[in-house]
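Q: Sequence:
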Amino acid sequence: MPAATLIHGIRLAVLDSADARALAAAYQRNRAYLAPWEPLREDAFFTPAGQRFVIESKLALHGAGSEVPFVLFDGERIIGTVTLTGIVRGPFLSANLGYWIDEQYAGRGIGTAAVAAVVDTAHRRLGLHRIQAATLVHNTGSQLVLQRSGFGRIGLAPQYLKIAGSWQDHLLFQRILDASM
Numbered sequence: 009m010p011a012a013t014l015i016h017g018i019r020l021a022v023l024d025s026a027d028a029r030a031l032a033a034a035y036q037r038n039r040a041y042l043a044p045w046e047p048l049r050e051d052a053f054f055t056p057a058g059q060r061f062v063i064e065s066k067l068a069l070h071g072a073g074s075e076v077p078f079v080l081f082d083g084e085r086i087i088g089t090v091t092l093t094g095i096v097r098g099p100f101l102s103a104n105l106g107y108w109i110d111e112q113y114a115g116r117g118i119g120t121a122a123v124a125a126v127v128d129t130a131h132r133r134l135g136l137h138r139i140q141a142a143t144l145v146h147n148t149g150s151q152l153v154l155q156r157s158g159f160g161r162i163g164l165a166p167q168y169l170k171i172a173g174s175w176q177d178h179l180l181f182q183r184i185l186d187a188s189m
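Per this note's numbering, numbering through the sequence shown is continuous, rising by one, with the last residue being 189.
Please keep in mind that the hints were generated in silico from the structure rather than gathered at the bench.
Treat each hint with caution, since some may be false.
Unchecked claim - Computed spacing ranges between beta-carbons, pair by pair: (1) 177 to 49: 19 to 29 Å; (2) 160 to 56: 18 to 28 Å; (3) 44 to 180: 16 to 26 Å; (4) 174 to 13: 35 to 45 Å.
By construction, the Cβ of each residue, glycine as well, lies at the ideal position given by its N, Cα and C atoms.
Input sequences plus hints: build the corresponding full structure.
A: The following block contains the structure:
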């Protein structure tokens, strides 16, 4: 999938094995900012070697057709990720969506533009029918991104994911992808 320019010169591209150093730097810059929204991470995760391992795993899943990992670039600097995971074919044609944006870039519409581009890719290139996303109940910023991207709330999932060291409730959202896109 070729890279796409979103807004304000931000570029969306499929993750590459050469991105380990830039992705580690992005996670290091945003470690405290992302901590309340993500699983606990070992220190090794924030290193280029740790990110090489993560990237290799993601690219293996990408090769198997069950994940599409995207990164957002401002120049050569990675400023976030958007990932389709758990891609299921057959009658389900569905995936899960996850994303984060660098703290310095939050609130500029970049997350919404990136999610919209990935939704379009999921529909037009991957032929998916449905995308699901989950947010912590108190993550109103992420909920706004989903709502602006055409996702509707489908319910509450108690103790859905272990985030910041504890099992936390999440709001579930979905977007049905149809021919009107």
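Q: Decide, hint by hint, whether the structure agrees.
A: Verification of the supplied hints:
Between residue 177 and residue 49 the C-beta distance comes to about 21 Å, which sits within the given range of 19 to 29 Å. Roughly 39 Å separates the CB atoms of residue 160 and residue 56, a value that falls outside the hinted 18 to 28 Å. Between residue 44 and residue 180 the C-beta distance comes to about 19 Å, which sits within the given range of 16 to 26 Å. Taking 35 to 45 Å as the suggested C-beta distance range, the pair residue 174 and residue 13 conforms, at roughly 39 Å.
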